[in-house]
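Assemble the whole structure, with the sequences as input and the hints as a guide.
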Amino acid sequence: MYPKCRPSVQVFFVYEYNYERPHAALELETPGSVHVSSRRQYKDKVKEWDYPSYCQVRRVCRNGTLRWRSTKWVMISTSLMEKNVGLEEIGEGLWRVYFRQKTLGYFDENTLRTQDKLGRLKRNYV
1 MYPKCRPSVQ VFFVYEYNYE RPHAALELET PGSVHVSSRR QYKDKVKEWD
51 YPSYCQVRRV CRNGTLRWRS TKWVMISTSL MEKNVGLEEI GEGLWRVYFR
101 QKTLGYFDEN TLRTQDKLGR LKRNYV
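In my numbering, the protein residues as written are 1 to 126.
Derived from the structure by calculation, the hints contain no laboratory data. Fair warning: there could be bad hints in the mix.
[Unchecked claim] Taking lysine-lysine pairs in the PhoX-like style, the calculated list, with each CA pair at most 20 Å apart, reads:
#1 Lys83 to Lys102
#2 Lys102 to Lys117
#3 Lys47 to Lys117
#4 Lys83 to Lys72
#5 Lys43 to Lys83
#6 Lys45 to Lys83
#7 Lys47 to Lys83
[Claimed, not checked] Label pairs and their calculated CB-CB ranges:
#8 Asn110 to Asp50: 25 to 31 Å
#9 Asp108 to Glu48: 24 to 30 Å
#10 Tyr17 to Leu94: 49 to 55 Å
#11 Ser8 to Gln56: 33 to 39 Å
#12 Lys47 to Asn110: 32 to 38 Å
#13 Leu121 to Gly32: 22 to 28 Å
#14 Phe12 to Val34: 18 to 24 Å
The structure presented is a predicted model; accordingly, all values stated were derived computationally and were not measured. Here a beta-carbon is modelled for each residue, glycine too, at the ideal position from N, C-alpha and C.
Dropping the structure here:
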């Protein structure tokens with residue numbers, strides 16, 4: 001944990017870092033002299049994704065898991081906490097897992113194991 005700085009010290013540091021100190025990676029220019037602001041507007045809220053009708057939509061829990069058949073848990077990813085994923089059944093008990101348009105991997109409901117796109121097994125259920 002970083003110690004809290006007085007606002008004046010922090011403002012001074014940020015100003016010195018961005019406008020006075022030259023940086024070797026910038027050919028001894030300061031970040032403030034080479035930075036160009038983006039013309040694109042920043043969107044605070046990302047639009048909700050609509051999965052195709054052939055996908056089941058499931059919500060990933062806060063621990064990165066997905067509830068399966070009311071009693072089982074399957075590890076998906078902690079980076080997708082509280083996000084929706086799409087599940088497409090591609091075989092008997094074999095599901096393709098999507099986040100938006102990106103294929104994350106595969107899930108076998110018989111073994112409750114996930115695989116990445118290359119077929120490598122991931123962590124077992126929680």
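Each hint, compared with the structure:
1. Taking the CA atoms of lysine 83 and lysine 102, the gap is about 14 Å. The hint holds against a cut of 20 Å.
2. Taking the CA atoms of lysine 102 and lysine 117, the gap is near 11 Å; set against the 20 Å cutoff, the hint holds.
3. Restraint check: the Cα-Cα separation between lysine 47 and lysine 117 comes to about 26 Å, which exceeds 20 Å; the hinted pair is violated.
4. At roughly 19 Å between alpha-carbon atoms, lysine 83 and lysine 72 fall within 20 Å of each other, so this suggested pair holds.
5. Annotation: proposed proximity of lysine 43 to lysine 83 holds, straight-line Cα distance about 18 Å (limit 20 Å).
6. Using a Cα cut-off of 20 Å, the hinted pair lysine 45 and lysine 83 holds, with the two alpha carbons roughly 13 Å apart.
7. At most 20 Å may separate the alpha-carbon atoms for a hinted pair to count; lysine 47 and lysine 83 meet this at roughly 12 Å.
8. At about 29 Å, the beta-carbon gap between asparagine 110 and aspartate 50 stays in the expected band of 25 to 31 Å.
9. Checked against the given bound of 24 to 30 Å, the beta carbons of aspartate 108 and glutamate 48, roughly 28 Å apart, stay inside it.
10. A beta carbon spacing of about 52 Å between tyrosine 17 and leucine 94 agrees with the range 49 to 55 Å that was offered as a hint.
11. Checking the proposed 33 to 39 Å range against serine 8 and glutamine 56 shows it is violated: the Cβ atoms sit about 55 Å from each other.
12. Under the hint 32 to 38 Å, the C-beta atoms of lysine 47 and asparagine 110, about 35 Å apart, fit the expected range.
13. Range check, leucine 121 to glycine 32: Cβ separation about 48 Å, and the 22 to 28 Å hint is violated.
14. A hinted range of 18 to 24 Å holds for the C-beta pair phenylalanine 12 and valine 34, which are about 21 Å apart.
Consistency note: the structure conflicts with the earlier hints numbered 3, 11 and 13.
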